[in-house]
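Q: Sequence:
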Amino acid sequence: MKSRLKKITIFSLVFLFIFSTTLTTAPKKEVKAAEGYSGKIFRHWTRLRTGKSKKAKVLKTLKVGTAVTVYGTSGSWRKVSVAGKTGYVPKQYVYVGTKAPSLTGSTYKKGQTVAEFAQRFVGNPYVWGGTDLNRGADCSGFIGSIYRSFGYKLPRSSSELRSAGRKVSYSQKQPGDIICYNGHVAMYIGNGKIVHASSRKTGIKISQRANYRSIVCVRRIVK
0 MKSRLKKITI FSLVFLFIFS TTLTTAPKKE VKAAEGYSGK IFRHWTRLRT GKSKKAKVLK
60 TLKVGTAVTV YGTSGSWRKV SVAGKTGYVP KQYVYVGTKA PSLTGSTYKK GQTVAEFAQR
120 FVGNPYVWGG TDLNRGADCS GFIGSIYRSF GYKLPRSSSE LRSAGRKVSY SQKQPGDIIC
180 YNGHVAMYIG NGKIVHASSR KTGIKISQRA NYRSIVCVRR IVK
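Under numbering that gives the first Met the number 0, the first residue of the sequence shown is numbered 0, with each subsequent residue one higher.
This list has only true hints and no planted wrong ones.
Derived Cβ-Cβ restraints for the label pairs, each shown as a range: (1) Asn190 to Cys216: 15 to 25 Å; (2) Ser52 to Gly182: 29 to 39 Å; (3) Arg208 to Ser156: 18 to 28 Å.
Dumping the calculated DSS-like pairs for lysine-lysine here, alpha-carbon to alpha-carbon at most 27 Å: (4) Lys204 to Lys108; (5) Lys62 to Lys39; (6) Lys109 to Lys222; (7) Lys78 to Lys204.
Hints in this document: simulated from the structure, not taken from any laboratory. From the three backbone atoms N, C-alpha and C, an ideal C-beta is built for every residue, glycine too.
Let's have the full structure, built from the sequences with the hints guiding it.
A: Right under this line is the structure:
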């Protein structure tokens with residue numbers, strides 16, 4: 000009996016030691032909200048909903064001109080917050096702010112900032128001859144408008160962009176670089192991916208493979 004009690008006591012002490020150690024050393028789960036970027040409701044009033052469906056609960060009715068914070072685009076919906084409420088609205092009613100952040104740091108860091116800014120407009124329409132990041136742009140219009148937001152003036156056509164900035168090899172590509180194809184142009188965003196105004200059907204989108212077609216050249220714009 001004494002031997003059994005001794006074993007129980009030892010087990011209890013070991014358990015308490017392990018439990019207390021876990022409490023003091025286990026990392027706390029940190030929940031960090033995405034920073035988001037500025038936008039507003041335009042074209043038509045809309046409803047902020049709890050989910051990406053017209054059947055989802057309505058949180059708030061938003062009038063044209065209502066300022067929102069945009070967190071991203073998923074399918075035909077944008078995640079936004081307004082007046083302390085976060086939800087989803089149809090992407091076509093959200094104007095994404097075109098004021099670009101400042102370019103600082105190394106060439107890589109500057110290019111990364113440009114690439115991140117370009118991805119804000121994913122889901123917006125492709126319009127042949129267009130240069131508007133919200134209402135629609137074609138492939139070269141999209142690239143030119145992104146860089147114009149940072150103070151760079153680039154040639155208008157995809158063929159002329161082959162001489163913009165300076166040439167780098169495909170193996171040296173970094174975020175923000177322009178990738179030129181025959182009759183098309185895109186922006187490299189890292190991890191083998193590009194963002195581009197692809198077609199009328201898909202609009203501005205991210206493609207998983209930068210080398211999905213034959214590459215003519217890679218150009219670096221940032222200095």
